[in-house]
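Heads up: the sequence lines are chains D and P, in that order. When we follow the working numbering, the leftmost residue of the first sequence carries the number 22, and every step to the right adds one. When we follow the working numbering, the leftmost residue of the second sequence carries the number 22, and every step to the right adds one.
Be aware that a few hints might be false.
With a cut-off of at most 16 Å between alpha-carbon atoms, the simulated EDC-like pairs for lysine to aspartate or glutamate come out as follows [as the list claims (entries may be wrong)]:
#1 D:K256 / P:E259
#2 D:K208 / P:E259
#3 P:K256 / D:E215
#4 D:K171 / D:E215
The calculated label-pair distances, taken between Cβ atoms and stated as ranges, are [to be verified]:
#5 D:A348 / P:Y33: 46 to 52 Å
#6 P:P224 / D:T48: 57 to 63 Å
#7 P:S210 / D:F238: 28 to 34 Å
These stretches of chain D come out as covered by chain P in the derived footprint (C-beta under 8 Å, 3 or more residues) [to be verified]:
#8 112-119
#9 139-145
#10 264-270
Honestly, the hints are just simulated from the structure, not real lab data. No residue lacks a Cβ here, since even glycine has one placed at the ideal position from N, Cα and C.
Listed below are the residues making up each chain.
There are 2 protein chains.
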Amino acid sequence: MRIAVDALGGDYAPAEVLRGVAQALLTQEFQPEELLVVGPEDGIKQALKAEGVSQLPQILHTDQVIAGHEKPIQALRAKPKASILLCVGAVRDGLADGLIAFGNTGATVAAATMGLGMLPGIRRPGISVVLRGSVGRFVLLDAGANPTPKSLHLLQYGIMGDAYARDILGIAEPRIALMNIGGEASKGSPVIKEAYAHLTEAPLNFVGNIEGNHLFFGEADVIVADGYAGNMILKVIEGFAEYLAGKAAAISDDASEEVKGSLRSLFGAADYAEVGGALLMGVKGIVLIGHGRSKASAVLPALRSARADVEKGVNHHITENVAAFNASQIAPEGA
Amino acid sequence: MRIAVDALGGDYAPAEVLRGVAQALLTQEFQPEELLVVGPEDGIKQALKAEGVSQLPQILHTDQVIAGHEKPIQALRAKPKASILLCVGAVRDGLADGLIAFGNTGATVAAATMGLGMLPGIRRPGISVVLRGSVGRFVLLDAGANPTPKSLHLLQYGIMGDAYARDILGIAEPRIALMNIGGEASKGSPVIKEAYAHLTEAPLNFVGNIEGNHLFFGEADVIVADGYAGNMILKVIEGFAEYLAGKAAAISDDASEEVKGSLRSLFGAADYAEVGGALLMGVKGIVLIGHGRSKASAVLPALRSARADVEKGVNHHITENVAAFNASQIAPEGA
Numbered sequence: 022m023r024i025a026v027d028a029l030g031g032d033y034a035p036a037e038v039l040r041g042v043a044q045a046l047l048t049q050e051f052q053p054e055e056l057l058v059v060g061p062e063d064g065i066k067q068a069l070k071a072e073g074v075s076q077l078p079q080i081l082h083t084d085q086v087i088a089g090h091e092k093p094i095q096a097l098r099a100k101p102k103a104s105i106l107l108c109v110g111a112v113r114d115g116l117a118d119g120l121i122a123f124g125n126t127g128a129t130v131a132a133a134t135m136g137l138g139m140l141p142g143i144r145r146p147g148i149s150v151v152l153r154g155s156v157g158r159f160v161l162l163d164a165g166a167n168p169t170p171k172s173l174h175l176l177q178y179g180i181m182g183d184a185y186a187r188d189i190l191g192i193a194e195p196r197i198a199l200m201n202i203g204g205e206a207s208k209g210s211p212v213i214k215e216a217y218a219h220l221t222e223a224p225l226n227f228v229g230n231i232e233g234n235h236l237f238f239g240e241a242d243v244i245v246a247d248g249y250a251g252n253m254i255l256k257v258i259e260g261f262a263e264y265l266a267g268k269a270a271a272i273s274d275d276a277s278e279e280v281k282g283s284l285r286s287l288f289g290a291a292d293y294a295e296v297g298g299a300l301l302m303g304v305k306g307i308v309l310i311g312h313g314r315s316k317a318s319a320v321l322p323a324l325r326s327a328r329a330d331v332e333k334g335v336n337h338h339i340t341e342n343v344a345a346f347n348a349s350q351i352a353p354e355g356a
Numbered sequence: 022m023r024i025a026v027d028a029l030g031g032d033y034a035p036a037e038v039l040r041g042v043a044q045a046l047l048t049q050e051f052q053p054e055e056l057l058v059v060g061p062e063d064g065i066k067q068a069l070k071a072e073g074v075s076q077l078p079q080i081l082h083t084d085q086v087i088a089g090h091e092k093p094i095q096a097l098r099a100k101p102k103a104s105i106l107l108c109v110g111a112v113r114d115g116l117a118d119g120l121i122a123f124g125n126t127g128a129t130v131a132a133a134t135m136g137l138g139m140l141p142g143i144r145r146p147g148i149s150v151v152l153r154g155s156v157g158r159f160v161l162l163d164a165g166a167n168p169t170p171k172s173l174h175l176l177q178y179g180i181m182g183d184a185y186a187r188d189i190l191g192i193a194e195p196r197i198a199l200m201n202i203g204g205e206a207s208k209g210s211p212v213i214k215e216a217y218a219h220l221t222e223a224p225l226n227f228v229g230n231i232e233g234n235h236l237f238f239g240e241a242d243v244i245v246a247d248g249y250a251g252n253m254i255l256k257v258i259e260g261f262a263e264y265l266a267g268k269a270a271a272i273s274d275d276a277s278e279e280v281k282g283s284l285r286s287l288f289g290a291a292d293y294a295e296v297g298g299a300l301l302m303g304v305k306g307i308v309l310i311g312h313g314r315s316k317a318s319a320v321l322p323a324l325r326s327a328r329a330d331v332e333k334g335v336n337h338h339i340t341e342n343v344a345a346f347n348a349s350q351i352a353p354e355g356a
């Protein structure tokens, strides 16, 4: 088992990414042969040694990186040695079983989709994020890979989310819900209504539409959303939690240790540091997308998640789910 | 100045709505002649007297109500004496200057749009909600009246939001932003990109796209969103705040009064009780839509908001804004 690490992508790369890699090695959670670090060879060696790493992991050298503001497709064409392309190539060629990347999300999605191809029967990738609600964790997908999906794509997000919730969250019969702005089957855009019909017919535990105010109360384990809504929801939660945390900090400036402790434990629930990033589902390989603002502390959780995704065989189970679904009926046309 | 109150709409109607009306009268914030209560005459008289109200407001009798789960258009046809229709009729006929309603939002929007008509030059109504961020209040519209708007509708939301932010929030040069899933002008659906171009050309202080994680940090005073996104954002914020408040309550079960006080002050920011409801903008009249779950304490803030909207002449300023905009250019076609 080996995970490729894009050392160049992200707001604090390469310094923070490499500090995180060093932590993974120094804690012995990961052995050097389990990592493949992609970036400038000399800089990586120097940085890891400075952190006290004696046995270095394998390094794949490149200086090229796609910055956060670059347009994905153009940038990928202009930079054939971009770190994310080398990471994807390593997975495609079997040098690694998965990758973690903290850089330009659009470029990561495009590089992985083109470089790895799709799992059998899956048309479009989706970004899945794990959130925590009052009765535990749940998965939201798509969080932005596919802002204007067709209804069949949404059905496939349900099928993929089901596999993920079983493998990674350990839920025996995941309840799948469709993100919408009303509870009734008749609500929403034509695409959402079609997706509702597909999900109803599929061999899934589909529990119907869900609205934003119900997300956090344990009513569903998998939330299927179009990428436009999913991305917006994720960012609003992120921003709102940050805003409240800021208010909390202001309150607790003069507050006792007890108050500060309570406020800290409150906002621990709001981030998804626990799983280190979002899994790009549907591509042939494990691609974990970390937040662009990640610092060193996000690297080890991302590595752990990628390892779990590889070891639990999420993609194998997605493929099985899709095959079972296709066997159960004639696949919808026109997607 | 007189406000019509739909006493029958809402999860806790009529009892809680009437308790709220009684509070408005008993505190003398509103005089009896400033209110017109729509609902079952005997029940209203009895309830208000039981609360200690001696001088009763005018009552418009009806027993018909459109429930929260009913389909708006069908229900409005089937129930010509529905309380919301009588409220809208009162505004149309000059018996009231505005109305407040806590019932079926879709029915309220449809009744007001058909019964009052649109302000000159405005094509579609939008629901505007006031939220609070780290540097004060801001307006989000549309929060769900128009889930699949055309780009011209979004432009008009910007123009209406500008008037609202000036009149009600007291901001001299409101900054208008467009809700999107990326910062660049090239991001988003064709409709959003067109709206970006319209807003750039309009005589507004347009500051570009805004993403969900930036909403709460004072970067814009008016957030223009399609009703699908706006509704989802509002509900996600509501649900997330409720979830965190629940966690806070669990934490503070064993906590000191200091901790409880801090947590309470934190979540005061998350609701929009302050303004009592959302203003339906674009129709010829003041229509304030309260939350279906409102209890008595929401009625007086809603009445205050409706009165302020009437007195500050929001609709007059919207009409002026639209006229100025139309004078400044040939209006876009095809909306």
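Each hint, compared with the structure:
no.	hint	result
1	D:K256 / P:E259	15 Å, holds
2	D:K208 / P:E259	20 Å, violated
3	P:K256 / D:E215	23 Å, violated
4	D:K171 / D:E215	9 Å, holds
5	D:A348 / P:Y33: 46 to 52 Å	50 Å, holds
6	P:P224 / D:T48: 57 to 63 Å	59 Å, holds
7	P:S210 / D:F238: 28 to 34 Å	30 Å, holds
8	112-119	violated (count 0)
9	139-145	violated (count 0)
10	264-270	holds (count 5)
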